[in-house]
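**Student:** If you want the building blocks of each chain, they are given just below.
2 protein chains.
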Amino acid sequence: MKRVLVDMDEVIADPMNAMIEWYKEKYDREIDYSKMEGSWAFGFPEEHQPMIRTRLNEPGFFRHLPVMKDSQRVLAEINKKYELFIVSAATEFPNSLKDKIEWLEDNFSFISWKQVVLCGDKRLCVGDYLIDDHTKNLMHFTGKPYLYNAAHNQTVQGYDRLNNWEEVAQALL
Amino acid sequence: MKRVLVDMDEVIADPMNAMIEWYKEKYDREIDYSKMEGSWAFGFPEEHQPMIRTRLNEPGFFRHLPVMKDSQRVLAEINKKYELFIVSAATEFPNSLKDKIEWLEDNFSFISWKQVVLCGDKRLCVGDYLIDDHTKNLMHFTGKPYLYNAAHNQTVQGYDRLNNWEEVAQALL
Numbered sequence: 111m112k113r114v115l116v117d118m119d120e121v122i123a124d125p126m127n128a129m130i131e132w133y134k135e136k137y138d139r140e141i142d143y144s145k146m147e148g149s150w151a152f153g154f155p156e157e158h159q160p161m162i163r164t165r166l167n168e169p170g171f172f173r174h175l176p177v178m179k180d181s182q183r184v185l186a187e188i189n190k191k192y193e194l195f196i197v198s199a200a201t202e203f204p205n206s207l208k209d210k211i212e213w214l215e216d217n218f219s220f221i222s223w224k225q226v227v228l229c230g231d232k233r234l235c236v237g238d239y240l241i242d243d244h245t246k247n248l249m250h251f252t253g254k255p256y257l258y259n260a261a262h263n264q265t266v267q268g269y270d271r272l273n274n275w276e277e278v279a280q281a282l283l
Numbered sequence: 111m112k113r114v115l116v117d118m119d120e121v122i123a124d125p126m127n128a129m130i131e132w133y134k135e136k137y138d139r140e141i142d143y144s145k146m147e148g149s150w151a152f153g154f155p156e157e158h159q160p161m162i163r164t165r166l167n168e169p170g171f172f173r174h175l176p177v178m179k180d181s182q183r184v185l186a187e188i189n190k191k192y193e194l195f196i197v198s199a200a201t202e203f204p205n206s207l208k209d210k211i212e213w214l215e216d217n218f219s220f221i222s223w224k225q226v227v228l229c230g231d232k233r234l235c236v237g238d239y240l241i242d243d244h245t246k247n248l249m250h251f252t253g254k255p256y257l258y259n260a261a262h263n264q265t266v267q268g269y270d271r272l273n274n275w276e277e278v279a280q281a282l283l
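These protein sequence lines map, in sequence, to chains A and B.
Taking our numbering, I'd label the letters of the first sequence as residues 111 to 283.
Taking our numbering, I'd label the letters of the second sequence as residues 111 to 283.
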């Protein structure tokens with residue numbers, strides 16, 4: 111059985127839009143999507159970027175994120191056909207760890223705790239396919255890397271890009 | 111630079127002795143070390159084993175564990191000579207996750223969050239050496255596995271056994 115590794119943030123969970131919604135409600139300021147290359151945090155007004163980082167480590171932020179459209183249905187099928195692991199670079203934000211496990215239990219109940227990896231560096235993890243929004247994770251992967259489309263990776267070249275979960279299904283199912 | 115993976119519980123941290131101390135204080139009952147093969151939890155009176163499991167997922171249990179003798183000094187040296195990762199099968203106990211990160215920060219401050227992996231299944235992780243007390247983790251490892259001596263693995267054969275951190279230093283430094 112081939113092994114598929116799937117990232118969480120910006121792939122199955124949507125922290126960017128959760129942050130934008132929270133920020134707009136709090137400050138009523140606009141977000142500049144054209145500045146997001148490399149990190150969506152760059153799209154927020156510069157003086158508020160440290161606060162965005164603080165918010166990422168607040169207990170509860172990762173607990174109630176929106177789920178990416180169609181990801182539940184497609185991952186349920188992938189879970190039958192492949193050995194599936196969710197791999198999230200999360201140890202930078204210790205308060206996110208339990209939230210992430212509970213969010214997965216809520217939204218992807220077919221994924222067991224045995225299939226979850228919370229780490230700081232994905233170079234350690236091997237598999238046949240990796241779906242991720244960051245080139246820093248894809249570039250060292252020894253299997254087939256797929257770039258999941260995100261606001262912060264619009265200019266990235268050199269990877270097969272999957273724009274939505276329908277395209278993931280077409281690639282893997 | 112070669113990569114060393116090191117387990118946490120029973121290798122650098124001592125949950126077994128923390129649990130025994132807590133249990134004896136609470137119940138004043140004896141522990142049967144001869145029944146621990148496979149899991150140290152088996153050494154506790156049978157009627158209390160479910161409670162031992164509950165205690166493992168209580169917030170704070172993994173936060174203040176004793177540190178294994180000499181592990182700080184030897185790992186600091188290993189960290190200079192190798193690419194070091196701490197790999198802990200921890201996602202079964204969501205309340206342990208943040209505790210484990212903070213325990214590492216307190217006791218192994220030279221290890222960054224980038225060097226930590228909290229997972230459910232270590233088959234995913236590759237490296238040149240793995241030091242672990244469980245054969246279920248060692249048996250799939252593609253590098254050189256070392257069995258770290260523990261009360262629950264006394265009859266295990268077929269692995270090079272490291273009895274303490276002095277022996278780890280002799281093997282790797």
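Calculated from the structure, these hints are not laboratory results.
Small disclaimer: the values here were computed from a predicted structure and weren't measured.
Hints should not be assumed to be uniformly reliable.
No copy is singled out in the list; a pair is fine if it fits within one copy or between any two copies.
Distance condition first, Cα-Cα at most 30 angstroms in a straight line; then the derived DSSO-like pairs of lysine-lysine [as the list claims (entries may be wrong)]: (1) K246 x K191; (2) K190 x K136; (3) K246 x K224; (4) K246 x K190; (5) K246 x K179; (6) K134 x K254; (7) K145 x K246; (8) K191 x K136; (9) K224 x K254; (10) K224 x K145; (11) K136 x K112.
**Student:** None of the hints should be skipped; say for each whether it holds.
**Tutor:** These are the hints, each one checked on the structure:
Taking identical chains as interchangeable, the C-alpha atoms of K246 and K191 lie at most 30 angstroms apart whether they share a chain (27 angstroms) or sit on different chains (24 angstroms). Taking the shortest Cα distances, K190 and K136 never come within 30 angstroms of each other, neither inside one copy (42 angstroms) nor across copies (45 angstroms). With identical chains, the CA atoms of K246 and K224 are at most 30 angstroms apart both within one copy (25 angstroms) and between copies (13 angstroms). With identical chains, the CA atoms of K246 and K190 are at most 30 angstroms apart both within one copy (28 angstroms) and between copies (23 angstroms).
For the homomeric pair K246 and K179, the shortest alpha-carbon distance inside one copy (25 angstroms) is at most 30 angstroms, but the shortest distance between copies (37 angstroms) is not. In the homo-oligomer, the alpha carbons of K134 and K254 never lie at most 30 angstroms apart, since the shortest distance is 38 angstroms inside one protomer and 52 angstroms across protomers. For the identical chains of this complex, K145 and K246 are intra-copy neighbours only, at 19 angstroms inside a copy versus 47 angstroms across copies, given an alpha-carbon limit of 30 angstroms. Proximity of K191 to K136 under the C-alpha cut-off of 30 angstroms is found in neither arrangement, the shortest distances being 44 angstroms within a copy and 48 angstroms between copies.
In this assembly of identical chains, K224 and K254 lie within 30 angstroms of each other by CA distance both inside one copy and across copies; the values are 23 angstroms within and 23 angstroms between. Within a single copy, K224 and K145 get their C-alpha atoms only as close as 38 angstroms, which misses the 30 angstroms cut-off; across copies the closest is 26 angstroms, which meets it. Taking CA atoms no more than 30 angstroms apart as the test, K136 paired with K112 passes in neither setting, with 45 angstroms inside one copy and 48 angstroms between copies.
Hint check: violations occur at hints 2, 6, 8, 11; the rest are consistent with the structure.
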